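Trainee: Each chain, letter by letter, is given below.
Number of protein chains: 2
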Amino acid sequence: MSMIVNRRDLEFQLYEVLGIDSLFKSTRYASFDRELIDEMFNAAETLAEEVFLPFADQLDANEPRFENGTAVCIPEVKAALDAYAESGFFAAGFDADIGGLQMPYVAQAAMNGMFSAANGPVYGFVMLTTAAANMLNAFGSDEQKALYLPPMIEGRWFGTMCLSETQAGSSLSDIRTRAQPRGDGAYNITGTKMWISGGENNICENIVHMVLAKLTDASPGVKGISLFIVPKLRVDESGNVGEHNHIVLAGLNHKMGQRGIPNTLLNFGESGDCIGHLVGKPHEGLRYMFHMMNEARIAIGQGAVMSGLAGYLFSLDYAQHRPQGRHPQNKNPESPQIPIIEHADVRRMLLAQKASVEGGQALIFYCCLLVDQLKIETDSNERQRMHLLLELLTPIAKSWPSEFCLEANKLAIQVLGGYGYTHDYPVERFYRDNRLNPIHEGSHGIQGIDLLGRKVAMLNGEAFDVLLEEIRQTIASAGDEFAKEKQALQDALGALKTATAAALACTDISQRLANATLYLDACGHIVVAWLWLRQAVTASAKGSGIAADDAFYAGKQKAARYFFRYELPKVFATLDLIATLDRTVMDMAVPEFIGG
Amino acid sequence: MSMIVNRRDLEFQLYEVLGIDSLFKSTRYASFDRELIDEMFNAAETLAEEVFLPFADQLDANEPRFENGTAVCIPEVKAALDAYAESGFFAAGFDADIGGLQMPYVAQAAMNGMFSAANGPVYGFVMLTTAAANMLNAFGSDEQKALYLPPMIEGRWFGTMCLSETQAGSSLSDIRTRAQPRGDGAYNITGTKMWISGGENNICENIVHMVLAKLTDASPGVKGISLFIVPKLRVDESGNVGEHNHIVLAGLNHKMGQRGIPNTLLNFGESGDCIGHLVGKPHEGLRYMFHMMNEARIAIGQGAVMSGLAGYLFSLDYAQHRPQGRHPQNKNPESPQIPIIEHADVRRMLLAQKASVEGGQALIFYCCLLVDQLKIETDSNERQRMHLLLELLTPIAKSWPSEFCLEANKLAIQVLGGYGYTHDYPVERFYRDNRLNPIHEGSHGIQGIDLLGRKVAMLNGEAFDVLLEEIRQTIASAGDEFAKEKQALQDALGALKTATAAALACTDISQRLANATLYLDACGHIVVAWLWLRQAVTASAKGSGIAADDAFYAGKQKAARYFFRYELPKVFATLDLIATLDRTVMDMAVPEFIGG
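Protein chains in written order, with the working numbering: chain A, 1089 to 1684; chain B, 1089 to 1684.
It is possible that part of the hints are untrue.
Because identical chains share one entry, a pair is satisfied inside a single copy or across any pair of copies.
Stated by the list, open to error - Here are the simulated DSBU-like cross-link-like pairs (lysine-lysine), alpha carbons at most 30 Å apart as the crow flies:
| hint | residue 1 | residue 2 |
| --- | --- | --- |
| 1 | 1311 | 1419 |
| 2 | 1463 | 1113 |
| 3 | 1419 | 1585 |
| 4 | 1369 | 1419 |
| 5 | 1658 | 1574 |
| 6 | 1572 | 1658 |
| 7 | 1630 | 1113 |
| 8 | 1233 | 1463 |
| 9 | 1585 | 1658 |
| 10 | 1572 | 1585 |
Just so you know, these hints were derived from the structure itself, not from any lab.
It should be emphasised that the depicted structure is a prediction, and the values quoted were computed from it without experimental measurement.
So here's chain A without its partners, still in its complex pose (with noise of 0.2 Å):
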């Protein structure tokens, strides 16, 4: 048994749920076919099995030293990120015409989860150099994308992202970092910046980072900020690696998690000129990153669905061979001890991973698939509904796994009992890792503001009533035998319809947004509720009479009907808060909280 991907699930949520092969139809991937990506994943799968896997929990022990102002990681990183590079699998997803292989984002996504699942911040340099090559691809000058994303393809040159500052996390207005025109056409960057995952490693030949920084005269606030490639090393007119261009690592940040993917504190233009190139137009840096988040926030959420499907592959086979006691009408204590499986409590814990986790990826497949679409969609009416189908979903996607697929992290160390409690077990370590996710790339409170306060808000609910639409459209295809289902899908949908509406008319906007992160939950466990009912709908159609896929089905039925029976009815409670606008939380005074 896998410890870092189900095969299985991967075929029947990308072809089976989804239709995927329905892109290869398309100009754009008409060169890929479901055999050419099964190959694909055949050999990611063996990469990541042999060379990510088996270093997870030693890289996990030997995080990162700061040694004469780098970040020296233990070789078998710069090892495992070169094998991957020779593979090809960095070209992946960028466009054919810059070098790249094309490939859907939905099918790209499963197969780097397999890296994820192995060796979570191994994959983080990957996913951060094809988010900051994605960028450079879309806003960059001709010769921009020239110099800088042949070697971030070819995963020689890596990527990071330079947006927080110590005294600017969520709050992007405040940063201080500076431009300076030099007078040339490229600008003097001065300033600091914090949580700069991947920054100053030993690995790579170069760093791209991709800066937000003030230029000198503009205007206060988040409309004033502008974006800058800032290359470690200096790049001449022909692509050659300079000189340093003084930027510093000012310190490592020590970390619960990911610990294997440094985190620094970079100094820019301290010691010396540090050379940033604008990118695009000045003041519309924060449009930009706005533009890529929607494909960060997804891999977020990716990576919080993986810890979750490490954690509960690894629990589930620790379950089927550690014996400890007996069924609870069995008095015989000789009776030989049984897998810990056969305890019902034990199953539930198993059951409740299997829900998060393969709603979760449910969830964030239905997005990829979006993103993919949206590339080949030609009807503009279509377009339109896509677009908002993926806003609305996005701070779902990034939130919902990273909060459920933590919750799943955790009853996989309780399967495992103190086993699970220690290092000798990796369950510990996921559940590390995954606390990082509702924390960066906006927070979960940040996700909450941005549903509520903004998504189904924008275009007089638009997008929202295409969500509902979608959600009615299951419901009503949806067979008899599904009738309790689809009646508390229809009851939830209900419920989300009046504490929305009620949100929405509430004019002060800080009461509105008040429990703007219980929303989000709820909205999300409605959605996966959905998505596990098209699951469930899918599977119902497929009795195949052979035994291992009929179990495969059958425990497909069993997680959907888990999530409606155990799951969805939380949602309840929650919207009544939003519904009456429940105002504890705004009424509760500062000093309230100690007193005396």
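We have chain A; now place chain B onto it with these hints.
Mentor: Frame of chain A; chain B shown alone:
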């Protein structure tokens, strides 16, 4: 602001809500009064703050090392425990006739909570020593007590609990450690014990292991288990410490949290005779252990509350001093940033922590007071009522804080954002430390089985009826201002009764217990809601006119409202699963988890 205790809340919970001063009227506790207890609290707070707290981070980063067969802790651990012993705190809870101070258990829990919040792993040595000494005191012979208790009460010898083995954690009937009579009244102990906290440390003069083992003629199962005193160094008749007793440190477990106290694998009698002394009668060991279990399990719950409290206090302080962002209605980016406690979502996360931590504290103190009252109550009917209530509440006292104060720790990290994810701040440590509590001393699942499989059913549900009666009395006595809360609690009790009756009527014991863990959580929520109503009623009656007190009482009422609005409604969906004897979990066959 203290980072380890809210003294005002202690005052409120102990005196204003529980009225523990009534204990001082009894002969047993006559030497105590509030003034003396305050003085002891002052001394404890100073010692915990000045000696325990300062090295908690350092200790986490430097777990005990395996050196020459000993678990070597950093020297600060011994210094702190020596100071604790010198101040006489080890003696606090023991009876006066054996050299103790005979302090009420409830006051002792509050006092020791400060050490636990300041440095949980170091306090762990105390907790284990106290538990072992209590067991000896209850079941040991006079000679055993005379030999072993004085040095334990003085804090010179420590204790451990040796129950689990690698193949027998939750399933104690499967232990393999054996005791062979030596012919001189003592026994040779042979076997291996796993998960032994505090084993073979380098701190104390001797270690008194309380070991479960089977006599050679024992019957199979839990009825064949006996309890032995097995000292690290043999003790002669005068109490002098002599030669090594052949207990060998076979390994250290490296844990995700609670890293300051060694957790060990111990071999008994492999290198030579390991002499053990039978406690009480043969084959009664498990009964003795269970007799002590109530206090031990309450102590675990209190430890979980203290981890939660430490995270709450830290994140509350941080939120008042960390500026970030502006109110959503403020569009001026040049206005100063506000402390994050001004943001509704941060306030929600703090209020949620307060509700869990102070609610959990109320639960623990309520149980502790029952322990004290049982020691002084003379009316046998009343004693029986208290006994039943304590039996019923114990699995909840152990589990509810372990689950929900861990969630509080998760929120404390979230309040700090990226900083909370680093070792520079203690909140991630509290989260790692607290993750142990749902695992040890009877896992969360085991507690659920204890509650639904045993406690609510015992004596035809008499204990359950006593609890319902207590809750109904609170509902009856609360004023009309609490009409909503009274109704909500009444409704919850109705659902609880229905669910409990349905479960008890189910003759398939596996099916009855299939969702026992969720039943445990729901029961806990109802109990904590009841205790919050008690706090709110008390606070509402207190309007003092002193601003700080008014704020304190207002905060109590709002936290109660929070619990009733945000938490209690969750129980209905859960209790419905129990009432309908949901089989989803039972019906999931092993091959269906993965399939394919």
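Trainee: May I ask which of the numbered hints given earlier this structure violates, with the numbers listed in increasing order?
Mentor: none
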